[in-house]
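Novice: Sequence:
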Amino acid sequence: MPELTSDEIAQLATLVRPRVLAALYHKFGSSLGPADAQVAADDALARFWQYRHAYQAARAPLDVWITA
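Each residue of the sequence shown is one higher than the last, beginning at 1 in my numbering.
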């Protein structure tokens, strides 16, 4: 994956955050509070950035890969 600017990273996070949050609420339901969900989404996006080199678009859409 090519290097992204900080603006592009922010746009990416804005685009995928709702999908990440939906996946978290689907998995954990009402046991996950809003603050915990935000922290978990931040962690997922940070892990995506850490392992971005492993992403292969041919295998899965980006939001699916991040939520997995």
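Note that these hints are calculated values from the structure, not bench results.
Hints are not guaranteed to be accurate.
[As the list claims (entries may be wrong)] Simulated restraints on C-beta separations:
| hint | residue 1 | residue 2 | range |
| --- | --- | --- | --- |
| 1 | 30 | 58 | 32 to 42 Å |
| 2 | 31 | 8 | 27 to 37 Å |
| 3 | 15 | 54 | 18 to 28 Å |
Quick reminder that beta carbons are idealized off the backbone N, C-alpha and C, glycines included.
Novice: Now, for every hint given, state plainly whether the structure supports it.
Specialist: Consistency of the hints with the structure:
1. The hinted window of 32 to 42 Å between residue 30 and residue 58 holds, with their beta carbons roughly 36 Å apart.
2. At roughly 34 Å, the beta carbons of residue 31 and residue 8 sit within the given window of 27 to 37 Å.
3. Between residue 15 and residue 54 the CB atoms are about 19 Å apart, so this pair conforms to the stated range of 18 to 28 Å.
Consistency note: the structure conflicts with none of the earlier hints.
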